[in-house]
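Those letters in the sequence shown? Residues 1 to 613, per full-length UniProt numbering, in order.
Keep in mind the hints are simulated off the structure, nothing from the lab. Glycine residues also receive a C-beta, built at the ideal position from the N, C-alpha and C atoms. It is possible that some hints are incorrect.
The calculated label-pair distances, taken between Cβ atoms and stated as ranges, are [stated by the list, open to error]:
1. Gln548 with Lys96: 33 to 39 Å
2. Lys423 with Phe280: 54 to 60 Å
3. Pro309 with Lys423: 17 to 23 Å
4. Arg288 with Gln548: 44 to 50 Å
5. Met484 with Thr535: 34 to 40 Å
6. Thr361 with Arg284: 20 to 26 Å
7. Gln548 with Asn526: 21 to 27 Å
8. Gly188 with Asn526: 41 to 47 Å
9. Gly407 with Gly509: 53 to 59 Å
10. Gly430 with Asn526: 54 to 60 Å
11. Gln548 with Asn101: 43 to 49 Å
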Amino acid sequence: MDWVSDSDDDYNWDTHEADLVPASNRSAGPSNKASTSNSEEKHDSGDKNWDSDEGEVPAHDVLSGPPKEASEAGPSGNNWVAHFVAMGFPEELVVKAIKQNREGDTDGVLETLLTYGAIEKSPKREESPEHCSSASDEGILEDEFSDMEDFEFEDLTDDISEKDKVVSTLVDMGFLAEQASAAIDRCGPNASILELADSIHAAQMQEGPGDGWDCPAFSSDDENCTYKGKKRSFQLEKKKKRSLMYERKRVSMKRVRPNFDDDGTSLIIPNPMIGFSLPFKPPRITHRNLPEAAIGPPFFYYENVALAPKGVWETISRFLYDIEPEFVDSKFFCAAARKRGYIHNLPIKNRFPLLPIPPKTIHEVFPTTKKWWPSWDPRTHLNCLQTCIASAKLTERIRSALTESDGGPSERIKKWILYECRKWNLLWIGLNKVAPLEPDEVEMLLGFPRNHTRGISRTERYKSLGNSFQIDTVAYHLSVLKDMFPNGITVLSLFSGIGGGEVALHRLGIRIKALVSVELSDSSKNVVKSWWEQTNQMGTLIHISDVQKLDGNRLEQFIRTYGGFDLVIGGSPCNNLAGSNRHHRDGLEGEHSALFYDYFRILDHVKCLMGKN
């Protein structure tokens, strides 16, 4: 059994440095030396320092281009040179940039100048080996940075504006910086991330097939150069991956979307929520046609609460390749109602449940409560298990109200008590006495082994269990993987907390060869590590705390090491979407629920990398 801590620096990759892009080329960070050099080269006609806040060029100056007379003068006109010099660029670079762009291409000149600024701020790159046959040194800048889609403006300054932060978020979601910036200009600076993403999608749908996807060719001779060839090849591969992603997204956006209202904006949630099938019941459907973009490795599985704010499920479905959600209430699998939606590309035939079948009513799970259960309490199932419990003060108020009621409680008292019992899942444990569920009882209802969360604080136990999977429900969906992976499975787990998906696979008898788990909570990570050791897992466990560190290079290393991922599983914490927290329901804009965009970003990157391999 191998276990790796959540520190990214502690993991020793079994790779050759020559196969990786140098860190200095992945991020064009600021450099004091470069800033000094730029300052010394400033032209007399402009006093602005390109690296300082005071020298920042107003947006209208950049977008308006050179004066009319400068444009008419052509690329060699002194007015055009003076225009860009006045913006803070060195005259030598301005002249060079003008020569490299077609006549009148103001935007091209500006982008070239910005690229030069990013390059000069970067750490000095490695020198090419003497035996490397390359083109002239003057062409290096153009060769290595011709793919302007990979250029990010936030690298030019330490002081990141609010717009840059929004652009960075959209880039992390898989959009291009240019698309993000254009969307902000269209929708305004106060638009939400969701509105901006929709705006970008709408713009993509208006494009013709193949617009903007042409990759420039490059000479095979460049590949003989350790630095230039690898950098060039890496950027072309990156552009192809992005092109593939947006092409898939553009195709999926044009598909007819099932289970939506006539206006196409509101997804219809079925009642009852029985999913595509239930154990020992005739299936609702036996086959479904998945969008082409959703087919192929890896399998993925994403859970979110069913009763989310309007538009949330439409957005989730749109991002996850327009797959129809499967809505299931866990009351068909256990004694607690737990309405959830699942988007996945798993087969739906030949599912089977975990054995033994768990009890499905309150009195079957807690038989001692039947003695004290009042006839006016009609509950047979518990409601959704929450992340917190009722206070002792509330249970005492209920006891006092019942004790002081001569001849039995009034209808008003009964109605109030039933409301509190349903809200907090209170059980009758004695005469006129109710109590909340204990953590081990919640574990049992959710299908976890006894004492799964023991060892962390009581508050953390309730919180982590309230945000976890219901094992029997998830295992029923994942059961189709058992025959497909008889030798074990490699799993990428994103934000799944205390390991509900991993426990489900283990209970199905599916061996986990390697588990890469992204989880911020130290308590949840300790729970998973403890379970991993207690169940004698023989695979490798890797914990990552910061989802932003799981970038393309890291994913590629994992795929190279473990041969790819067989399953990408995850879900959003329910705090922002649960019905009991309606005053906090901010959907996918919530602090935790917005992690869905990271789920999509990582999943789509894995699909691109595995499709290439």
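Verification of the hints:
1. At roughly 36 Å, the beta-carbon separation of Gln548 and Lys96 lies within the given 33 to 39 Å, and the hint holds.
2. Against the hinted window of 54 to 60 Å, the Cβ-Cβ separation of Lys423 and Phe280 comes to about 32 Å, which falls outside the hint.
3. Between Pro309 and Lys423 the beta carbon distance is about 20 Å. The supplied range of 17 to 23 Å therefore holds.
4. For Arg288 paired with Gln548, a C-beta distance near 34 Å fails the hint of 44 to 50 Å.
5. For the pair Met484 and Thr535, the supplied restraint of 34 to 40 Å is violated, since their beta-carbon distance comes to about 22 Å.
6. Taking the beta carbon of each, Thr361 and Arg284 are about 24 Å apart, inside 20 to 26 Å as hinted.
7. With their beta carbons about 22 Å apart, Gln548 and Asn526 fall inside the hinted range of 21 to 27 Å.
8. Between Gly188 and Asn526 the CB atoms are about 44 Å apart, so this pair conforms to the stated range of 41 to 47 Å.
9. Range check, Gly407 to Gly509: about 57 Å between beta-carbon atoms, so the 53 to 59 Å window is met.
10. The hint said 54 to 60 Å for the Cβ distance between Gly430 and Asn526, and at roughly 35 Å that hint is violated.
11. Take Gln548 and Asn101: their Cβ atoms lie about 35 Å apart, and the range 43 to 49 Å is violated.
Comparing the model with each numbered hint stated earlier shows that hints 2, 4, 5, 10 and 11 do not hold.
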